[in-house]
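S.K.: Let the hints inform the model, and build the full structure from the sequences given.
Taken in sequence, the protein lines are chains A and B.
The opening position of the first sequence corresponds to residue 544 in the numbering used here, with each subsequent residue numbered one higher.
The opening position of the second sequence corresponds to residue 544 in the numbering used here, with each subsequent residue numbered one higher.
No lab work stands behind these hints, which were simulated from the structure alone.
Check the hints yourself; a few may be wrong.
As the list claims (entries may be wrong) - Covered stretches of chain B, going by a simulated chain A footprint (3 or more residues, C-beta under 8 angstroms):
#1 651-662
#2 671-679
Claimed, not checked - Computed list of chain B residues with no C-beta within reach of chain A, every gap over 10 angstroms:
#3 Thr572
#4 Asp632
#5 Phe692
#6 Cys752
#7 Gly778
#8 Asp780
#9 Ser783
#10 Ala786
#11 Asp795
#12 Ala813
#13 Asp816
#14 Ala817
#15 Asn832
Said to hold, decoys possible - Under the rule of at most 20 angstroms between Cα atoms (straight-line distance), these lysine to any residue pairs were calculated in the SDA-like manner:
#16 B:Lys601 <-> A:Lys796
#17 B:Lys785 <-> A:Glu678
#18 B:Lys785 <-> A:Pro599
#19 B:Lys673 <-> A:Glu577
#20 A:Lys673 <-> B:Cys658
#21 A:Lys673 <-> B:Pro657
#22 A:Lys668 <-> A:Lys748
#23 B:Lys673 <-> A:Glu678
#24 A:Lys673 <-> A:Ile600
#25 A:Lys673 <-> B:Lys601
#26 B:Lys601 <-> A:Asn784
#27 B:Lys785 <-> A:Glu677
#28 A:Lys673 <-> B:Thr716
#29 A:Lys785 <-> B:Ser676
#30 A:Lys615 <-> A:His598
#31 A:Lys601 <-> B:Thr716
#32 A:Lys785 <-> B:Lys601
#33 B:Lys785 <-> A:His598
#34 B:Lys601 <-> A:Thr716
#35 A:Lys601 <-> B:Asn784
#36 B:Lys779 <-> B:Arg833
#37 B:Lys668 <-> B:Gly613
#38 A:Lys748 <-> A:Asp765
#39 B:Lys601 <-> A:Ser783
#40 A:Lys601 <-> B:Lys785
None of these values were measured; they are calculated from a predicted model.
For each residue, glycine too, the CB sits at the ideal point set by N, CA and C.
For reference, the chains in residue letters:
Protein chains: 2
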Amino acid sequence: MNFANLSFKQPLLAEDLLTISQDKRPLVTFQFEEYLVMKGKQVNNSLDEAVHLQHPIKIHEAMRYSLLAGGKRVRPILCIASCELVGGDESLAMPMACALEMIHTASLIHDDLPCMDNHDLRRGKPTNHKVFSEETAVLAGDALLSLAFEHIASNTRNISPDRVVRAIAELSTTIGSQGLVAEASLVCGAIVGGGNTADIERVRKYARCIGLLFQVVDDILDVTKSSEELGKTAGKDLVSNKATYPKQMGIDKAKKFASELMIQAVGELAYFDAARGAPLYHLANYIANREN
Amino acid sequence: MNFANLSFKQPLLAEDLLTISQDKRPLVTFQFEEYLVMKGKQVNNSLDEAVHLQHPIKIHEAMRYSLLAGGKRVRPILCIASCELVGGDESLAMPMACALEMIHTASLIHDDLPCMDNHDLRRGKPTNHKVFSEETAVLAGDALLSLAFEHIASNTRNISPDRVVRAIAELSTTIGSQGLVAEASLVCGAIVGGGNTADIERVRKYARCIGLLFQVVDDILDVTKSSEELGKTAGKDLVSNKATYPKQMGIDKAKKFASELMIQAVGELAYFDAARGAPLYHLANYIANREN
Numbered sequence: 544m545n546f547a548n549l550s551f552k553q554p555l556l557a558e559d560l561l562t563i564s565q566d567k568r569p570l571v572t573f574q575f576e577e578y579l580v581m582k583g584k585q586v587n588n589s590l591d592e593a594v595h596l597q598h599p600i601k602i603h604e605a606m607r608y609s610l611l612a613g614g615k616r617v618r619p620i621l622c623i624a625s626c627e628l629v630g631g632d633e634s635l636a637m638p639m640a641c642a643l644e645m646i647h648t649a650s651l652i653h654d655d656l657p658c659m660d661n662h663d664l665r666r667g668k669p670t671n672h673k674v675f676s677e678e679t680a681v682l683a684g685d686a687l688l689s690l691a692f693e694h695i696a697s698n699t700r701n702i703s704p705d706r707v708v709r710a711i712a713e714l715s716t717t718i719g720s721q722g723l724v725a726e727a728s729l730v731c732g733a734i735v736g737g738g739n740t741a742d743i744e745r746v747r748k749y750a751r752c753i754g755l756l757f758q759v760v761d762d763i764l765d766v767t768k769s770s771e772e773l774g775k776t777a778g779k780d781l782v783s784n785k786a787t788y789p790k791q792m793g794i795d796k797a798k799k800f801a802s803e804l805m806i807q808a809v810g811e812l813a814y815f816d817a818a819r820g821a822p823l824y825h826l827a828n829y830i831a832n833r834e835n
Numbered sequence: 544m545n546f547a548n549l550s551f552k553q554p555l556l557a558e559d560l561l562t563i564s565q566d567k568r569p570l571v572t573f574q575f576e577e578y579l580v581m582k583g584k585q586v587n588n589s590l591d592e593a594v595h596l597q598h599p600i601k602i603h604e605a606m607r608y609s610l611l612a613g614g615k616r617v618r619p620i621l622c623i624a625s626c627e628l629v630g631g632d633e634s635l636a637m638p639m640a641c642a643l644e645m646i647h648t649a650s651l652i653h654d655d656l657p658c659m660d661n662h663d664l665r666r667g668k669p670t671n672h673k674v675f676s677e678e679t680a681v682l683a684g685d686a687l688l689s690l691a692f693e694h695i696a697s698n699t700r701n702i703s704p705d706r707v708v709r710a711i712a713e714l715s716t717t718i719g720s721q722g723l724v725a726e727a728s729l730v731c732g733a734i735v736g737g738g739n740t741a742d743i744e745r746v747r748k749y750a751r752c753i754g755l756l757f758q759v760v761d762d763i764l765d766v767t768k769s770s771e772e773l774g775k776t777a778g779k780d781l782v783s784n785k786a787t788y789p790k791q792m793g794i795d796k797a798k799k800f801a802s803e804l805m806i807q808a809v810g811e812l813a814y815f816d817a818a819r820g821a822p823l824y825h826l827a828n829y830i831a832n833r834e835n
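M.R.: Right under this line is the structure:
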């Protein structure tokens, strides 16, 4: 995707953020790619440990197949970055981060079913029901959804139980809506990271912008990219009855809307320490500019 | 089902319980039918309030259709009775009780799908996907599963958050297994009801027996009852590859096994106040003798 004509190119936004930030250290020195790779690996390791090949084997195989099929781990990284933003350590957020990916994967498995969106490919690989069966795909999705809550409740450490309950309430209300789960990723990260009420509400505002941004960009990618580039079937939204931003407002206005959301989101980060805010600044930029 | 040839007829067990109980008040005066009707109504009212007809309407309609389609509310009543057994008030257990029914309904909706057990009838009514669509049935099941956790986390009152987290961990590990969800109903009731460790472990032992008893009786009913009597398609287990107790051990041994489980379960109740134990004594008897 060519975002060159949009106003949220990285250098401009880096300046914006520096202008509104109290801390004048240059954010552009932050090694974002390294951060993503490092956090992604830690999330993958934790996910690998979270789902063992146990009875019933076929369902756990199916769970692992989709859960460990790659993917950017955007939601877990959002959660960890938000936890770190408010001053928490990564370990506080990891069970919640893994749960977010489990819930996301569950919804993808079910969404791909023949009676739903009927996708044959996901992340460049055959979808779950294509490899296993529809029956197994339904059960694997359900099991991942349950496991997500079990994982949070059983494995979260060094956080007061009232924050755990609050995070579960926050998370569970958003399931079924892609955009809202992205929002919950961040808000839950701020809750388990020990953020105060004002912190959490600022993160919530940032999250709303990012959640919407993610969806708008997703819609744009569906009409501008090939299946090969996306690693999943492209153009599906166009032929279906699904309401998308490009369909509703045209591709140019959709891109402009994405730009505005990006600017609003970054504005909320100005209230936090700039170094701690760097990952979320770059994440917003990354989501806006992702190509698949 | 004629249980007249089994050793757990009500008068015998009432005597057994009185013998091992510290409290000599006659349990047979307990109005079990009234208790079931009263608790069932309260659960139904709470479930009705828990799921409103909101956006997206069709999915919430489908959720309400299956959730409010009747049913004995065995799991919620087990949960409430267990809460009361350890000295807790019904209100402490109600959000958990509703969540149990939501999870149970979600699994029924998914189990009935064409790619799963392919049932046309459930509780004497057309199954969810027959009334709505397969797509809606998948989503309604997922939404009920999520709502269950949201409901516990958001609506549980007057219980320490560590007990709420513990109950969520307990519950979420058992989803996907009918027998284990019955077990979790009771254990979670004891947790939210304020039971100590010994209380909770006694309830767990009772729960294991009852969970297994429920399944054994279910299997027996499938081969001895008609679709009309059951309110769902009978004989399905027989023609499918599903392993059932009557298939594995024969119908007579399956009935004897049910009897033994009943006796073990009731034995655990002897450690509690007999009046508080009465509903669970009668519930065990009811599950053993249910006819659909």
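S.K.: Need the status of pair lysine 668 of chain B, glycine 613 of chain B: alpha-carbon distance at most 20 angstroms?
M.R.: Measuring from Cα to Cα gives roughly 10 angstroms; hence the hint holds.
S.K.: Would you check the hint for lysine 673 of chain A and cysteine 658 of chain B, treating anything up to 20 angstroms between C-alpha atoms as holding?
M.R.: Given pair lysine 673 of chain A, cysteine 658 of chain B holds - Cα atoms ~13 angstroms apart, limit 20 angstroms.
S.K.: Quick one, are lysine 673 of chain A and isoleucine 600 of chain A close enough, alpha carbons at most 20 angstroms?
M.R.: 17 angstroms, holds
S.K.: What's the verdict on lysine 601 of chain B and asparagine 784 of chain A, does the C-alpha distance respect the 20 angstroms limit or exceed it?
M.R.: Since the Cα atoms of lysine 601 of chain B and asparagine 784 of chain A sit roughly 16 angstroms apart, the hinted pair holds (cutoff 20 angstroms).
S.K.: Checking one constraint from the list: CA of lysine 673 of chain B to CA of glutamate 678 of chain A, max 20 angstroms. Satisfied?
M.R.: Holds: lysine 673 of chain B and glutamate 678 of chain A sit about 17 angstroms apart, inside 20 angstroms.
S.K.: Does aspartate 632 of chain B clear chain A by more than 10 angstroms, comparing its Cβ with all Cβ atoms of that chain?
M.R.: Consistent with the label, aspartate 632 of chain B stays out of reach of chain A, its closest Cβ about 20 angstroms off (over 10 angstroms).
S.K.: Just checking, alanine 786 of chain B versus chain A, shortest CB gap more than 10 angstroms?
M.R.: 12 angstroms, holds
S.K.: Can you confirm whether the C-alpha distance between lysine 673 of chain A and lysine 601 of chain B stays at or below 20 angstroms?
M.R.: 28 angstroms, violated
S.K.: Determine whether the non-interface label on aspartate 780 of chain B survives the test: each CB of chain A must be over 10 angstroms from its CB.
M.R.: Since the minimum Cβ distance to chain A is about 16 angstroms, aspartate 780 of chain B lies beyond 10 angstroms and the statement holds.
S.K.: With the threshold set at 20 angstroms, check whether the alpha-carbon distance from lysine 673 of chain A to proline 657 of chain B stays at or below it.
M.R.: Roughly 16 angstroms separates the two Cα atoms, so the pair holds.
S.K.: Would you mind confirming whether the straight-line C-alpha gap from lysine 601 of chain B to serine 783 of chain A stays at or under 20 angstroms?
M.R.: Cα-Cα ~19 angstroms, so holds.
S.K.: According to the definition I'm using, a residue is off the interface if its beta carbon is farther than 10 angstroms from all beta carbons of the partner; does serine 783 of chain B meet that for chain A?
M.R.: Answer for serine 783 of chain B: holds, closest chain A Cβ roughly 12 angstroms.
Hint compliance for this structure: hints 5, 16, 19, 22, 25, 28, 30 and 38 are not met, and every other hint is.
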